[in-house]
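Student: Sequence:
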Amino acid sequence: MGSDLSSTRSNGDPPPPYQPWTSTSVQSESEADCAITAPSHPKPVIIPNDIVKIKLVGKTEVYQFSQTKLKARGCKGLLELANRSSSGTITLGHDKPSERNPVYADSNAPRAMDLLSQWVETGKLIPIIRHTSAPIFPYVALYIIAYELASEILCNSAMDELIGRFADINATPSVHFARWTLRMGGDCTPKQLKDMVLQFLLSDARNLVEDMVEMEADGYFIGKWDHALLLMMAQKAAGKGCLYLVEKDRKTIIETLVNGLSRLEYRGYDSAGLAVDGDKKNEVFAYKEVGKVVKLKQLIEEQKPDMTKVFDSHAGIAHTRWATHGPPSRINCHPHRSDPTWEFSVVHNGIITNYKELKTLLTSKGFKFETETDTECIAKLAKYLYDQHPTIGFTDLAKAVIKELQGAFGLLMKSVHYPHEVIAARKGSPLVIGVRTEKRMKVDFVDVEYTEDGPLPAEQASQNVALKKSNVGNFLSAGNLLAPPDKSLLHRSQSRAFMTDDGAPMPTEFFLSSDPSAIVEHTKKVMYLEDDDIAHIHEGSLNIHRLTKADGSSNVRTIQTLELELQEIMKGKFDHFMQKEIFEQPESVVNTMRGRIDVENKVVTLGGLRSYIATIRRCRRIIFIACGTSYHSCMAVRGAFEELTEIPIAVELASDFLDRQAPVFRDDTCVFVSQSGETADSLMALRYCLERGALTVGIVNVVGSSISLLTHCGVHVNAGPEIGVASTKAYTSQFIAMIMFALSLSEDRASKQKRREDIMEGLGKISEQIKDILKLDQPIKELCARTFKNQKSLLLLGRGSQFSTALEGALKIKEISYLHCEAVMSGELKHGVLALVDENLPIIMILTRDDIFAKSLNAYQQVIARSGKPIVICNPGDEEFKAGQAEKIEIPKTVDCLQGLLNVIPLQLMAYWLAVAEGLNVDFPRNLAKSVTVE
6 MGSDLSSTRS
16 NGDPPPPYQP
26 WTSTSVQSES
36 EADCAITAPS
46 HPKPVIIPND
56 IVKIKLVGKT
66 EVYQFSQTKL
76 KARGCKGLLE
86 LANRSSSGTI
96 TLGHDKPSER
106 NPVYADSNAP
116 RAMDLLSQWV
126 ETGKLIPIIR
136 HTSAPIFPYV
146 ALYIIAYELA
156 SEILCNSAMD
166 ELIGRFADIN
176 ATPSVHFARW
186 TLRMGGDCTP
196 KQLKDMVLQF
206 LLSDARNLVE
216 DMVEMEADGY
226 FIGKWDHALL
236 LMMAQKAAGK
246 GCLYLVEKDR
256 KTIIETLVNG
266 LSRLEYRGYD
276 SAGLAVDGDK
286 KNEVFAYKEV
296 GKVVKLKQLI
306 EEQKPDMTKV
316 FDSHAGIAHT
326 RWATHGPPSR
336 INCHPHRSDP
346 TWEFSVVHNG
356 IITNYKELKT
366 LLTSKGFKFE
376 TETDTECIAK
386 LAKYLYDQHP
396 TIGFTDLAKA
406 VIKELQGAFG
416 LLMKSVHYPH
426 EVIAARKGSP
436 LVIGVRTEKR
446 MKVDFVDVEY
456 TEDGPLPAEQ
466 ASQNVALKKS
476 NVGNFLSAGN
486 LLAPPDKSLL
496 HRSQSRAFMT
506 DDGAPMPTEF
516 FLSSDPSAIV
526 EHTKKVMYLE
536 DDDIAHIHEG
546 SLNIHRLTKA
556 DGSSNVRTIQ
566 TLELELQEIM
576 KGKFDHFMQK
586 EIFEQPESVV
596 NTMRGRIDVE
606 NKVVTLGGLR
616 SYIATIRRCR
626 RIIFIACGTS
636 YHSCMAVRGA
646 FEELTEIPIA
656 VELASDFLDR
666 QAPVFRDDTC
676 VFVSQSGETA
686 DSLMALRYCL
696 ERGALTVGIV
706 NVVGSSISLL
716 THCGVHVNAG
726 PEIGVASTKA
736 YTSQFIAMIM
746 FALSLSEDRA
756 SKQKRREDIM
766 EGLGKISEQI
776 KDILKLDQPI
786 KELCARTFKN
796 QKSLLLLGRG
806 SQFSTALEGA
816 LKIKEISYLH
826 CEAVMSGELK
836 HGVLALVDEN
846 LPIIMILTRD
856 DIFAKSLNAY
866 QQVIARSGKP
876 IVICNPGDEE
886 FKAGQAEKIE
896 IPKTVDCLQG
906 LLNVIPLQLM
916 AYWLAVAEGL
926 NVDFPRNLAK
936 SVTVE
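Residue numbers (my numbering): 6 to 940.
Since no wrong hints were added, every one of them can be taken at face value.
Taking lysine to any residue and the SDA-like style, the derived pairs with C-alpha atoms no more than 20 Å apart in a straight line are: (1) Lys893 x Asn880; (2) Lys893 x Phe858; (3) Lys887 x Gln867; (4) Lys373 x Gln393.
Everything labelled a hint here was simulated from the structure, so no lab data went into it.
It should be emphasised that the depicted structure is a prediction, and the values quoted were computed from it without experimental measurement.
With the hints as constraints, model all of the structure from the sequences given.
Tutor: Below you can see the structure in the form of structure tokens.
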């Protein structure tokens, strides 16, 4: 994802169940005597005077319905029956009461017909089925409504409601309803009934009619009436309809999407856009704007869409783009479309590495590209495949598309051909799904579906577009990428999580995002997709599909409770997120240590590493692999690791590590450090190490991130959400997490116990010491104002473990104040850098006391001798730094290997106040993203 994406989805009550019914041409209750026969081909519906009349057996009232409105509601079944009747009147109900049919002529009949009238007129149905007693069921109004809708939209929740109403196999009306209406003959359990109905709804109904004829030979009784019913339903089986869902107006939908994008602003972006359903069928409203999310909001207000329009079901997608292919512009902004009518809409994070090949080959098929982006290829490929296979399901279509994509992606796709459905797919770029329901979910997981008994249609490709570029002439031919659908495949997950305990349907909303911060205000129930997952949200349920099953992969995706609080991603009393996060460090370092370190008893417990500690102790070397600030934190703890574990330590920049194709062996331990857990270079390095059999450890801040899922073991740093692009509290928490890692590894080394105890005592005091340093906030602000005004460059000097502190401080100053700052190892000053030193060059020197303090003083003396006036970060009471020669920032003294934790705080404050003085956007510096998910 060059940037971030968000999506919402709502689902509510499905229609009520079927009811028994007959027509005027039926003279007997016996199905064997039924006068209706199944035609080879349905007749055209021609009804005079635009009126369809319906009456109940035993009643004199005649109910009239407009043919036009029935057509608008998709009531092909009613229109078919009216056409078969010579009088144009349909008589509903049974001709006489019997043991199998409850009393038909009571006061409930007009009420049922009123409900039918209400639905035909408004398209809305009061969900009374759960609260309606059995005697109402035989009245056909409710049956007709359910029948006319069921073949299009009956979902798992609706089936649960339906079967639950007739679970007692000995109840006469229940048996009659289930066997007759749902074409079941013979005895069947509710589960068998449910499975067979789902089989019917998810397959070609015409073929099943033929199968049912063969079933008669096996003892199943299938009457002529059932054939007629099934043929009429077969006309509708391939159609799509609208669920009766949680009502949301367009204003609420757009606000949800825009607010979600606002929560993701900290990740960096250059443009934003969204797509929602339009006012007409198959219409999409898309809005795109360059710049901040607030400009997108202004654009929508200027366009003045009807914000009062209410949707029973809706799927909207939104995105903030970080330009990777093509400059920031409205045309290059997401969502991207397959064609001018928006048949397919896609938002995508990541980079499609084979997009040029796809673009060339799609162009040869007549497609015209509007943008310079790689994402447009996804939408156009989906359209091409759909045009070749218009009856294919959305999941199979998505599988076929994703099979051809190379690179990293997290994408969402919607289509006018699959209204109110969303496809989400992940490979190397994070996606989290939030779920909000009115009732408690039955289980806290979603089953993963794999291919069974052979490949699914999307997997029967005879060639791969990206890999077999030579066969251009046959690219995407009808039989080439997708084989004809296999009618025998009826496998489908029941998505048990979205069934309530009482079996009743429930309104459900889904929120998809690349970051939980966009979801937390709506729900805390979330599920993290794994690489190669394809999620299909439809009909109130969520299904997870995979093309193949990876060794050791889980068969379920767990629905977790998000620990994030909304106030944690709000600024509160602070002016900027970065300022807030700097001042949160006394608490964040405690959270990192909480439950893991017992200072009194000198015990460190890291549960995520417990099973692997012994293996790591025996490894040949430990390789730390990271980028940016995380790399600096690894540098900061390298000395402590070497001292405590006596294991060779290497620290690598992920990009350089990959460029060199550095050798990695099975007895190596590779540690991947990342705040987001999604850093693209680190992820690629992780896969590189996994391929070579190394043990991998993840140290991340974001739960459920890619690195946390792919590594063998690891530690969550628990720093809390970090919104500011410039990392502050994540650095200090990573530092502490890795020190605890080293303490845990050295637990069995008797010679190191005194040193370990000293470090643990230092960790116990670190939070209070950080609080003391934060009291220097205003003095540091004043120091920056008088020392760095109008400066263009500065030097930051450190030695030993403090060189990493200098690197981190220089990075902070560069990225948010745009002031050039170079970190230099003090020992290298005389090898060239000293030529820059004069009375005008600002210099910051880290000179806290440690074993090499005397050597560090040499650099200080060299700067003073050349009229330099450095700012010195030192311990209280150091007399070496005389007034008039240097400005002092006094920092509490701690254990030498922890001193960098304290020394970095004033550098963070300096960077912050330098940026504020220049009037810069502290939280979102130009050209930078919080989570670097592209190479």
